[in-house]
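Undergrad: Each chain is listed here by its residues.
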Amino acid sequence: DTAVSQTPKYLVTQMGNDKSIKCEQNLGHDTMYWYKQDSKKFLKIMFSYNNKELIINETVPNRFSPKSPDKAHLNLHINSLELGDSAVYFCASSRTGPGNTIYFGEGSWLTVV
Amino acid sequence: GESVGLHLPTLSVQEGDNSIINCAYSNSASDYFIWYKQESGKGPQFIIDIRSNMDKRQGQRVTVLLNKTVKHLSLQIAATQPGDSAVYFCAENSGYSTLTFGKGTMLLVSP
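Protein chains in written order, with my numbering: chain S, 1 to 113; chain R, 114 to 224.
Simulated from the structure, these hints should not be mistaken for lab results.
In this text, a Cβ means the ideal position worked out from N, Cα and C, and glycines have one as well.
From chain S, some residues computed to sit far from chain R (all C-beta separations above 10 Å):
#1 K19
#2 N62
#3 L83
Straight-line C-alpha distance at most 30 Å; calculated BS3-like pairs for lysine-lysine:
#4 S:K44 - R:K181
#5 R:K150 - S:K44
#6 R:K150 - S:K19
#7 S:K67 - R:K150
#8 R:K150 - S:K71
#9 R:K216 - S:K67
Model the full structure from these sequences, guided by the hints.
TA: Take a look at the structure:
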C-alpha cells in the first residue's frame, strides 16, 4: 500500500555517468515534485509537475531532466553526474493547489564518487 | 529571498517531558504551514498543519501554535516518547502547491 515509491533507494556511481531515479504514486494526485536534501538536511524544491506539465523549475542545472509519462509517474534523469550532485532526492505528490498536504517518498540516496 | 528558519538545531528531552520546537518565518503572505517529521533513513512525514486564519490546532499529542504578529510557529509534543526522536521541519506554502522548508530541528528523546 505504498503511497509514493521511488527507486533505487541507494545509488553509487562515478562522476560523468548518467543515471535515473523513478517515482510512482498511487494516491491519485495530479501534482508531483522532486526535492533535494543536502548533507545539512536542508530540503529544497527542484521541480513540480501538474498533470504531466512542468510547473516549477527552481534553477536546477539542465543536466537534470524530469520526465512525466503520466500523472502517476515522475522520473528524474541526471546527465554527467558531478560530485556535488550527491544528496538525497525525494519524490512527492499532492492534490493540485495551495494548502494541500504533500506526501513524500522514502528518498533515493545518490553518492557520486 | 524570504525563508523559513528554526531557532534550535538540537533539542534533547527526557521521555515523558513535553517538547516545544520553534520556527520563525519571514513571508507574511504565507497562509498555510505544515510540520513534518523525518526519521533516519526515511522521507518527511506529515504531522499537522495550520492555516493562517487559525492560531492553534491540536492533533494526537501534538499542538501547533501560530503567532502571525511575530511570524512564529511552534510544535508542541506532549509526553514525548523515544519514537518521537527525529528531525522536525516546519514548512510554509510558498505559492502554487510548493513548500519552503525550514532548516530542521533534531529532537532526541532519552528514556
